[in-house]
Structure formats: C-alpha cells, structure tokens
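**Q** Protein chains in written order, with this note's numbering: chain A, 1 to 765; chain B, 1 to 227.
Among these hints, one or two may not hold up.
To be verified - What follows is a list of derived Cβ distance ranges for each label pair:
hint: 1; chain 1: A; residue 1: Thr40; chain 2: B; residue 2: Gly194; range: 45 to 51 Å
hint: 2; chain 1: B; residue 1: Gln168; chain 2: A; residue 2: Gln745; range: 34 to 40 Å
hint: 3; chain 1: B; residue 1: Ser116; chain 2: A; residue 2: Leu668; range: 44 to 50 Å
Said to hold, decoys possible - From the structure, some residues in chain A lie toward chain B, with a derived Cβ separation under 8 Å:
hint: 4; residue: Ser74
hint: 5; residue: Phe171
hint: 6; residue: Pro733
Just so you know, these hints were derived from the structure itself, not from any lab. Please read all numbers here as calculations on a predicted model, not as lab measurements. Just so it is clear, CB atoms sit at the ideal spot from N, CA and C, and this is done for glycine as well.
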Amino acid sequence: MKTSSFKTLFITEFRLLIRKTSFWLYPTLMLLMSVLVVSTEASSRSASAFDVTVSLISNLAAFQVLPLAWIAVSTFAKNSEISRDWLWTSPTDSHFIVLSQLSGLFLAVTLSSITALLAAAISSVAYGIIEAQQILTFLTIPASIILFIGCFELLVITSISLVFRKSVTVFIVIALLYTLIISGVILPYTTLTNPINYTLSGLRFDSVATIGAERPLIRSLLWLYMSCGITLVILAICLVSWRDLRHGWHRRHTRHIYLPLVVALASSTAAAFVYRGAVAQQTVPPPVTDQIDTWHVLQADHQGLIDNGALAVDSRLTVRNASASPRDSIVLRLNPGLDVTAVLVDDQPAQALRDGETVRIVQTDWRIDPNGQAVVRLSYRGLPLLLREDYSRANSRIREEPIMFARPVRTYIDATTVLLQRDGDWRAWPQTSAPYSARSQQIELDIRGYRIALGSGSRADNNQQPTRYLWQNSIPQLLLVAGDYTLHQSEQGDVYLPRMGSPRDYERALSALRMRQRLAGWLDEAPTAPYQAVMLPYAQQVALGGVLVGVPANARVAFSAVQDDTYAEAQWATGMLGVEMVREVLQERVAWTVQPLHTQGQPRSLSIACTYNAAGEETCVREVYGGNTPQAPYGRVVEPALPSPLLHAWSVVLGRQLLRDELGRATLIEEQRFWQALASPQAAGTNAELDARLMLHKRGLLPQNLPDQVSDSRRIAALVVPLEQRCREQGIPGLMKLLHEAGQQHPAGGTPFTEIGFRQLMQRL
Amino acid sequence: MWPIYQANIRMYRRNLWVLFATAAVWLVPMVLVRRSEQQLTQLLIVYGEVVLPAVLASMSLGLVLNDPYREVLVTAPLQIRHLIISRFVVLLCAGALTLAGVIGAGYALQQYLTVSIDQIFIGSIITIAAFSCLGSGLALGLAGVTGGGICIAALWTCALLFRETVLQAPGLLLFYPFMTLQAPNSPLWPINRGILIAISIIAVFVSVRSTENEERIITSEANHEEI
C-alpha cells in the first residue's frame, strides 16, 4: 500500500509540476544558457569538446541553483496550505510524502537538464566542435556530473525549504549563501579542500586523456555530494515530522527514518574520508631541498614496462657526489605514485624512504665523500600521479591568485593514455637543474595494451607485442605517447589527433610540422623518417623526440597562465609553438647557463585587463598576484620560469623567423620596434616600454609569470636586439653560423654558453 | 494615503525582520575584514547591490499575488496602482534604511573606503529599485510568483556569474545592474544608473497595467502565505 501511495504521489507531483506554465521557464532558461555557453566557447575557436564540457558543468551548476530554488520552494511551502490538506489525509507517512514530492521534482529537473545538454550537443555540432556521431560520447560526462550536482542542489534546497517553509525566507537564505560563496566572502579559493567551489571552476578535462587525472577526485566528490544531500534531507524530514504532529502523524513513525538516517550519515562520513584521501594525494607534499644539484649521473640504465596503466621500472644509476660535503643518503626524485620495491647501493641492501616527491636512500654506516661514486639499483612500480598543481590552477573569487608551484607535465599514465618525456619523474633521477642526461645511458621501455603508441626511440620488438622502444647513448630527447588517436595524413606528414579535440588542433599540428621541417633545413638535419605530429595530453609545452613533434593538445588551456581571452589566439598559440620548438632543439645542441631549481614559486597568472574608451582606444593593465597556494601549501622545488634569458632570446628570434611568411614583414618590423623600446635605456619606465612589454606578452614572446617582469624582460630584449640585427644583416645563415660556433665551443653537457660569451662571439664573427 | 502606508508596514513587518536579519548576518564578515578598506568596500557594495536587490525582489514578487485578500483589493475604491506604488515605497524605504544602517556600520569600522559612500548608496538603491520593480512586473505579467521568481533569479544569477564577461562588452555594461561592484569608476556609470531607473519605471508601468486584468490576478497560482 505504501509503495502504491508513493508511486501515486510521485506521479501526481510530477504531473502537477509539468502542468504549471511557470515550471517550463526553467528548462527553457537552462536550454538558453547551455546554448549561450557553447556559442561563447565556440567564439574562441580553440575550445575543445572538453573545454565546452567543463564550461557547461560549471555554468549550469551555478545557474540552476536559484531558479531551482523557486520551483522546489513552491512545492514544499505549499504543503502547509489548506489546498494541500489532501496530502495529509493519505495513509502515507509524511516522510514518504516529502520523498515522493522530491522524486517527482527530481524527475522533472533531470529531464530539464538532459534537454539543456542535448541542446548544447546540437549547438556543438552546429559550431563544428564535435561531429554528429560523437553526440552521445560528448553528453556522457557532463550529463553524469550535472545530474549528480543538480540532485545535490535539489536536496539542499529541499532541506532548507522544509526547515523554513516560507518561500521568501527560503529564497533569501539560499540567495545569501550563494552570494557569499560566489563573491568569495566564504570559501574564497576554489580548491580541492573546498568541494563546493570545486565544481564551479577548476575542473580540467583533457582532450586526449578525457577525464584522466580528475577521475579519482570526481568519483569521491560526487559520492560526497549525494551522501551529504541525502543526509540533510533526512534530517529535515525528521524535523518536519516532529513539527507536523497536528496532522495526526504520530511520533512512533520516526523509527522508520532512523535507519536511513544512520546509513546516510555513515555514507557521508565514508565519502568525506575517501574524498580527503583523494585530496591528500593531490596536495603537493613538503619539498626536499637538501640535495639539489648534488649528484652527477655518470651512467644510467632503465628498463620499464607500461601495461594497461601500470608502470614498472628497474633502474641502475652510477652517481658521483658533486658537492663539497660528504653524504650519508642519496635523494632521488621519483613520482609519489610509484613505490620502491627493492633497492641496492653498491650491491648492498638499502632502505628507500619516501620523502615528499623524492625517495631517500639510506644504508647503515654508509657515507660517500665528495667526488665519490655509488651504484644504485632500484625497482619501483605503481601508477604515477599527476598533481593538480601541474595541470590546473587554483582560482580565487577575490581576484588574488595564489603563487604557483607548477612543473611542466612530463609524466602521465592511465589505462588509455601515456606521456613520458626524458626529464619526467617517472624514472628515478637526482634533483638537478640540468637535463636528465648522462655520459652513458640506455632506456628500454615496453608498452602494451594501448590502441596507438608512438615513441621516439628505435623499435626493438620485431613488430611483436609488447612494443619495445630503445634509446641508447646520448638521449637528446625522449618522447613516448599513447592514446586513442585518429590518424590524419597530410603533405607535411602524419598527424595524430584526439577524437574530440579542438577544431584548431589540426592547423596547429600542421604549423608545427612545417616549422619543424624548416628548422631541420636550417640546421642541416636529416631525419630518418618524415616528421609526425601528435597532440600531447596535459603537456603545456612542445616536446620533440626523433621524428615526433608533440604539440600541446589545447592552446588555451595549455597556456592557462594567461587569462585574458581577448588575445588573437591563433597568432599567439602558433607564436608560442615556434618559440618553444626552437628552444627544445637548441637546448640539445648548446650548453646554456641554467638558473637553479628553487622553492619561491612564481605568480600563477598574468592577468591583462584591457578596456576601451569612447574613442575605441585600448588601455591594458597587467596585474600579477601572489600568496600561498592551497594545493602546494608547503611550497615545492620548481624549475625557474626563465631558465636561460639567452636561450629565450635565440628562441624568440628564430621562432619568429620560422613564421616569417605567415606573420608578414610588417608584423616582424613592429615587433623589432617593441624589442628596441624594451632594450632602450631612454624608454625605461615610460609608457612606450610598458606598451612594448604588454604587446610582446600578448604575442607570447615574453615568458609567462616572470617574478621580476621588468628587469627580466629588459635583459631578454638586450639579447634579442643584436640577434635581430644580425639576422637583418646576414639572414638565417648568419645566425646558423653563430649557433654552430656556439655549439662547437659549448656543446650540450659542456661549459655553458653565457651572455658574456655571446657578446664576445658576436664581436668576433 | 498615510493609513495605506501604515497598513503596508504592518503587513510587511515579518519580512522586515528578515531584512534586518540579513544585515546582521552581513555584519559578521564586515567586522572580520574591517582593517582592509578594499575588502570592506567590496562587502558593502556586494550587500547593497547584490544581496539586497535579490531579497527585495523576492519580496516584491508577491506584492499583489501573495496578498490573500486580492479579491478585495480589486474591488476596493482605492485604485490599485496607488496600492502597488505604496507597497513599493514601503519596501524600498525598508531596503534603504537597512542599507544605510549597514553602510553606517561599515563607515564606523573603516573611515577610508575605496568607493564613496554616496556612490555605494545611490548605486545600490537604484539596483534595488530595478530588481524590485522588475520582480513585481514579471510576476504580475506572468501571473505567477514562481514564474516571476524564476525569471528574476535567472537574471540575477546571470548578472553575477558573467560579471567579468560584461566588462569586455561596453554595450552590455550600460544595462549591467552590478556596475558599482565591477566598474565604479567607469564614465558610463551615470548613464547605466539612468537606464536602470528607466527600466524600473517601465517595470512599474507593466505591473500596474497587468493588474487591469483582474481575472488573471485573482485566479493565478500564488502562495497563500502571509506577506
């Protein structure tokens, strides 16, 4: 009887709701909002399907709260009216009445959300973000998340409605809470420890890895939302039941509700623990700073297997103590997700103690003097963690962005996607400011269980499974990528694209191939095979390896340090590609002075706000913020934002020359003027210098997030100007001659090529 | 006319307590950030221009439709437009008093504010009036409190969520209700406030015109709660 009453009430509530004209405003507004979100994303043209997904989730979740409040409030507030007395004459208990109403509401809200998402999917097809056959795949992620969040919001609103009962009061309470959260008065930082804000921004899906590194967080977060929401509603129902004695509802019925309440409380507690565990995994552990640039690696051998998302590596390192003091332990950088299963030092058993993002290898009564050597053998396995600090950003609601401690993403493995680069923490290596290179080294990696795997090493498996890649002797660049790619063949070469990437991925990949080929021509390189472009998951920089050209999968998110979306994005993204590509190549040819690793962090974002006056003149203001970052509360050992001003200057000049046909002479002349203004002592501190700096930032020619923007940009300009002049006078052959000479005198791994050495070389040649 | 205002004040007394309660809640974060003039100013503007409009808009939705005696209203000799305007005046005065109290408290905590008190007060009052009049206009136009509530909630939420985007579109900025919050020094601020006043007047006109169709008001879906 209770079941049939529940069903009747549920269907009745649903029918009453959909018969109201006012209810239909809700799905209409949701539909309009979703179309607006898609069209806004589409206007940037670099948005991938997953950018649209994140935007849909955050905007719809935030937008639907208050309209939903009105619908829910009008349902539950009416329960105390005369017109609803028929509810209380039913044999059903009050909590079943409320549950049945809630179920009817939930069904109506779910259908509205699905309609809105369908509209978003159709709009995405119309804008060319996805193809028609991808609609179902596109809808899966946002639908599952939005429905959970919508349910949570409905449960919270229901709880408040049941407690306060007056429509206006309920709306005011919800509006007040909403304003306090949105404006940043409470929960100012959108971080993992503030799960309310987590859904509003900060989600990051990758077009290659899809949900990828967010998966453990999302699961536990949604479980937490549902558990807390259900607990709140049950508590509110208990309160309602207790207050509604006048309707003939007897207290003894409360026993039926205690069991669900206990289960809900237990579930919420368990969800909170699981979520906290997931957050703890994503919080950067305290840094280890006592052994930075302490060890030189003389010989390195690594053998690894990547099998369906798990990594197992055996390493053998011969290290030399390059510091001035004896050491009784060896600190090696190793991803926190990898566990050491065996370790030997000089063939003696040792202990490997996990210490933040490193392992500390200790042995009883062991020490190594300055210049002394040791042979370390380690075996480690697990699933490397990708910390959110590296691929996302902590946002603030109060315009104060925290300092970041992000490292370049060079390691990512899950069941469908792999990204490994030479300098990643997937293999044990001392903490060093220099590239991970040794006089003698060998890396052998087997990979199995991935749809498409591409590696820059030589194949050593005779076309059998597992696929084996081998890198030997000097390893200039190492790139191993695997994922669910689609192959596109072009005149420039093969291009591997993600299934639901940005519409601009293909253009950027072709640009990258053209630039790589042009650069190879200048440097007289003869690749063993045609170049191939592949979109990289999570990476924010270009990565090169053999004939592989790795392009960051999404320009806008990849370069998320810049927040102002009014840039001419294609030009900026391609410009950055050129600069980075040259830098990757030159790094392996010449030894550059490298700034050391540090723990100060750098400003998370460069925020440039441009406004227009009545005459249409643009005024831009650059602001940089700082403070502690919630995802790296103890700081971290990070690479400098500007490792080498001289290398950057070379990268800029050659990078722009790579694109000279696309950019045109006028653009290059204009940029030369900017560099000259920046380098000129007469222009120091003037508006001309400020404008020049802003414009060069806009074009991606100055590194992002420099701690001392003014002096660092002047230093770079002082190096760019003579290089550009040399290029104007002698063309590319003149620059190549300089480069060749620099490579002869300062080969990679040798004495660094300093700015003084550069000026001397310029005078000599 | 004074008895009408007295009656309206008596009717709204419970809602006025809710209004004062929001002010009391808002004083807590104000006290916590009193040393920072920028944050305190921001809080004052958020309260006046964001919170109070939402609160008063929700109250004005039921200006006529939440009145359990609206059948009497439409048959009374007093013209209904006088009633609507008198209720608006009572609500706006209550909002202005609450706002003045909060701003006064803010000034007592921190004498140096980054935006002038006049601008905060006037800007907030105009936004309150705009949302209140729009709320009533939408509710009466759609002949339903819930429908009006959904629309005004959607407008308010969009204005809050897309406040950064609006800054980049000068055309949208002219209609933006939270301009004192986002761009208090913009030369377009006086024009923006003027446009909001015009919108308020149009919304009041719509409210009054909507009450001419008495059948819609009397038989409309509404809460039978005390106003």
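**Q** All the hints need checking, so say for each whether the structure fits it.
**A** Structure-based check of all given hints:
| no. | hint | in the structure |
| --- | --- | --- |
| 1 | A:Thr40 - B:Gly194: 45 to 51 Å | violated (29 Å) |
| 2 | B:Gln168 - A:Gln745: 34 to 40 Å | violated (50 Å) |
| 3 | B:Ser116 - A:Leu668: 44 to 50 Å | holds (48 Å) |
| 4 | Ser74 | holds (4 Å) |
| 5 | Phe171 | holds (5 Å) |
| 6 | Pro733 | violated (45 Å) |
Checked against the numbered hints above, the structure breaks hints 1, 2, 6 and satisfies the rest.
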